[in-house]
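Visitor: Hey, can you work out the whole structure from these sequences and the hints?
Counting in the working numbering, the sequence shown runs from 188 upward without gaps.
Simulated from the structure, these hints should not be mistaken for laboratory data. Positions of the beta carbon are idealized from the N, C-alpha and C atoms, including for glycine. Please note that a few of the clues may not be correct.
Calculated lysine to aspartate or glutamate pairs in the EDC-like style (CA-CA distance at most 16 angstroms, straight line) [what the hints assert, rightly or not]:
#1 LYS201 <-> GLU242
#2 LYS232 <-> ASP192
#3 LYS194 <-> GLU227
#4 LYS201 <-> GLU227
#5 LYS239 <-> GLU216
Per label pair, the in silico range of CB-to-CB distance [as the list claims (entries may be wrong)]:
#6 ALA255 <-> ASN230: 26 to 32 angstroms
#7 SER223 <-> GLY257: 37 to 43 angstroms
#8 ARG256 <-> SER221: 30 to 36 angstroms
#9 ALA212 <-> LEU249: 18 to 24 angstroms
#10 GLY248 <-> ALA212: 15 to 21 angstroms
#11 SER221 <-> MET245: 17 to 23 angstroms
#12 MET188 <-> GLU216: 24 to 30 angstroms
#13 ARG256 <-> LYS205: 28 to 34 angstroms
#14 SER226 <-> LEU249: 15 to 21 angstroms
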Amino acid sequence: MRITDAKSFGAMLKTRRKQLGYTQAYISEMTGLSVSFLSELENGKKTAQLEKAIEVAMLLGLNLTMEARGKA
188 MRITDAKSFG AMLKTRRKQL GYTQAYISEM TGLSVSFLSE LENGKKTAQL EKAIEVAMLL
248 GLNLTMEARG KA
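Guide: What follows is the structure, given as structure tokens:
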């Protein structure tokens, strides 16, 4: 899935969390982040803190990479 904005990033996190059978409460316990923050993150709130977002992605076993866009 190509991540182009906060909404697509959050959707990927939610999809992966559900694939793993994790609840937001479980992720909250593992990271110390609030369930409300996780909900906002999954729903694409644009003010989510990047470091926390990366922490959740890593916990869910997602690789994050950045690549320069090539010519179409």
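Visitor: In ascending order, which of the hints set out earlier in this document are inconsistent with the structure?
Guide: No numbers; nothing is violated.
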